[in-house]
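J.: One letter stands for each residue in the lines below.
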Amino acid sequence: MRGISVAAALLAAVAAPASAHHNFRALYDVNCTVAFRGVVKKVEWYNPHVWIYVLKPAAGQPEQWGFELGPPNALVRRGWRGDSLKAGDRVTVTGYCARNGSKTAALSKILLPNGRELFGGQKTD
Amino acid sequence: MLASIENSAIAQWVSQSLWAFPIVLTLHAFGMAACIGMSWMLGARAVGFARAVPVEQLGRFMVFGWLGAVVAAGSGLLLFIGQATHYAANPAFRLKIVLIVAALAATVVLTRLLRADGEARRAQLCAGLSAALWLAALVAGRMVGYVETGGGG
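These protein sequences, in sequence, are chains L and D.
Okay, so the first sequence: first residue is 1 according to our numbering, each after it adds one.
Okay, so the second sequence: first residue is 1001 according to our numbering, each after it adds one.
All clues stand as given, with none of them false.
Pairwise CB distance ranges (calculated):
(1) 1029/D to 77/L: 17 to 25 Å
(2) 1089/D to 56/L: 19 to 27 Å
(3) 32/L to 1057/D: 54 to 62 Å
Keep in mind that the hints were calculated from the coordinates and are not lab data.
For clarity, every value in this text was computed on a predicted model and none was experimentally measured.
For every residue, glycine included, the Cβ atom is placed at its ideal position computed from N, Cα and C.
Go ahead and model the full structure; you've got the sequences and the hints to work with.
T.: Here it is in structure tokens:
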């Protein structure tokens, strides 16, 4: 019995960090957020992780920002559909900055043109 | 060429369906476990572990290892075509493929050396090499998701 509970505890310790496909905190800084209103340029509804690209208004050329989301499967369970978002949509995005300083972020939430709010579907721990 | 593979019906199925990807990914893990696990067991026998087990008998189990290799390769191909251009450009992915080819070759040589002359010095060296190559291939494979943030853009 004791052996089983020790084995279960070990299994839980190993399984917990493994449940996040990529170590979220290794790539993104939860203490740094980026938020703006912009226009969707492209949606990549692909496994293993969905990416969306949003143009941020700037002096001169708009800046393109990439936002990483969870896998399609997790997003669908959070109310997303493959066609929830399309190029040209005006949205408000909020995300956690990439640690590598690039114009990428992990999507925290997004406000769709129809007023609906959806979330990024990633485990942040 | 890679882009047209990516746009094929089967690639779209893997990359966009809700369950295909996790199922194929699970098969990939299963194949790896069988192939690398069996390869390491042969290597352990080569360096003198479980001497009571005759080498020819242990070698027969390698059929499960090769079965695992086929499952891992087939599932891996499906995962690859889903985002072919993305993976082909990923340095960790390229390194992983080179390491897998080398590790497979080392494992084939190991099975032959073991059968030919048991625990000879060269079989032991080959066992160490194959174990190290498989470990490196696993690490490189895991790194594929870390070396690049960002899809195409």
